[in-house]
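Number of protein chains: 2
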Amino acid sequence: MNKNSYIYGKNSVIEALFTAPNRINKVLISKNSSNDSKITEIVNLAKKNHVIFQFVPKEKFKDYSDCPHQGVVALVSPVEYVELSDFLAHKKDGFSKIIILDGVVDPHNVGAIIRTSACAGFDAVLIPSRRNAQVNAVVEKTSAGAINHIPLIQVNSLSTAIDKLKDNNYWIIATDAEGKDNYYDVDYTDMNFAIIMGGEETGVSKNNIKKSDFVVKIPMLRKFNSLNVSNAATAIIYESVRQMITKSKHRV
Amino acid sequence: MNKNSYIYGKNSVIEALFTAPNRINKVLISKNSSNDSKITEIVNLAKKNHVIFQFVPKEKFKDYSDCPHQGVVALVSPVEYVELSDFLAHKKDGFSKIIILDGVVDPHNVGAIIRTSACAGFDAVLIPSRRNAQVNAVVEKTSAGAINHIPLIQVNSLSTAIDKLKDNNYWIIATDAEGKDNYYDVDYTDMNFAIIMGGEETGVSKNNIKKSDFVVKIPMLRKFNSLNVSNAATAIIYESVRQMITKSKHRV
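So the protein lines, in turn, are chains A and B. Be aware that the first sequence starts at 796, since it is given in this note's numbering, and climbs by one per residue. Be aware that the second sequence starts at 796, since it is given in this note's numbering, and climbs by one per residue.
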């Protein structure tokens, strides 16, 4: 089963029918699913967007038994990644901000980081093709459909990608428990920047920390472990949002 | 199977042996588990803390087959909740800050919010006994052991609890997409406060919003859904940390 190839659950399928109907090849609905308003909405959205849908026996869902599909699965084309060079060539006006994942292995965390990045108006999430969870059904679900709202850049070499970003006037901000500055001491409002979030067990790789312009930490007020990586990402991402909005207010 | 009664996975069991050995009744280790350094650490920690451990056939783990236990499970006493009145009676000096959950149903989100609250030095997480996920093995795991580091208050009536907090000079801050202020416009540094995080689908209940002194929103920079509730909690919790640390610096 190609994990890239389906979306499960009523809300997720509705979201996909709204935002990315072109990616959907077919919607399967269990004949046994309770015929509620969401199923009606799915059928209506599918008709409206000329998406094929079928009511099928529940046995058809045995391939999806490891996820809470609620009797609805959409078979989809894999998400399309953007090339870094294409992303840089079509950069919009104004400062650009992206998130880089460096070894984040839990797809729930990848999905949640993509979701926060989309909500915060970031321009892209960069995902290495190795040693990092790839975009699959769990990522798509956890992102609440955000993977269709924000460009995802895939690169083979993270090290080369960071060099390329630096050549294009991005400042690189790594996160590390031993960072020199607190994350809110950086001024995020007057530069292009890329924030590197490291893996759950491994953190940002030493080589990439060396390449960074800033290494920031999130203060811990109890002697205990650390934040989950998607929560750490959110603290930093939303600090940059706060700075941007409050700064533009003061300018008025 | 009482979901309150075990911890699974090598890292989680190690964490529990460090921070809450008294809660552990027995550690089960699969005879088939790879005999790596973490198993050695578990055995050594168990011996040191006088915790019973047993190497058992893998068939013993069939009760835990729905979680990635890595061949290690610790049977534990359920987490002990604190009564709200006891918590208030033993409040430490200085301003107090707590998180209130109002209908958060995904145990991963409950665990992540407890983890962030512990990292941020909050004083407690208040969990209603109904219409909210309770502390179970998934919460314990997702919290990375934080449930042993921060008091968890359980209440039967959230409405009554909020009244009690108000009587004890807490300001109540509800989060809502239609909130009046942005979350960073509140000054978190000179009051006792309780932040209410609402359920994934339902948000903070209308009645509790009415009782709140502030209703704050997190700005969305793309027309798209909203943040995951644990990430929304982290943005607000860490904004309060930022304000507190930077304010105390300016005082010096």
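Hints are computed from structural coordinates only; laboratory data are not their basis. Hints are not guaranteed to be accurate.
Derived lysine-lysine pairs resembling DSS-like cross-links, with alpha carbons at most 27 Å apart [said to hold, decoys possible]:
1) B/975 - A/1044
2) B/1018 - A/833
3) A/1042 - B/1044
4) B/1044 - A/1012
5) A/1042 - B/833
6) A/843 - A/821
7) A/1042 - B/821
task = Verify the proposed pairing of residue 1044 of chain B with residue 1012 of chain A, using a straight-line Cα cut of 27 Å.
result = Since the Cα atoms of residue 1044 of chain B and residue 1012 of chain A sit roughly 17 Å apart, the hinted pair holds (cutoff 27 Å).
query = Has the given pair, residue 843 of chain A with residue 821 of chain A, been kept, meaning a C-alpha gap of at most 27 Å?
reply = With Cα atoms ~14 Å apart, residue 843 of chain A and residue 821 of chain A stay inside 27 Å; holds.
ask   = Regarding the pair residue 1018 of chain B and residue 833 of chain A, is the alpha-carbon distance no greater than 27 Å?
value = Cα-Cα ~22 Å, so holds.
Pair hint outcome, residue 1042 of chain A versus residue 833 of chain B [Cα-Cα no greater than 27 Å] = Judged against 27 Å, a Cα distance of about 49 Å means the pair is violated.
inquiry  = Hint check: residue 1042 of chain A vs residue 821 of chain B, CA-CA at most 27 Å. Holds or violated?
reply    = violated, 55 Å
task = Would you check the hint for residue 975 of chain B and residue 1044 of chain A, treating anything up to 27 Å between C-alpha atoms as holding?
result = Judged against 27 Å, a Cα distance of about 16 Å means the pair holds.
inquiry  = Please verify whether residue 1042 of chain A and residue 1044 of chain B have alpha carbons no more than 27 Å apart.
reply    = holds, 21 Å
Hint compliance for this structure: hints 5 and 7 are broken, all remaining hints hold.
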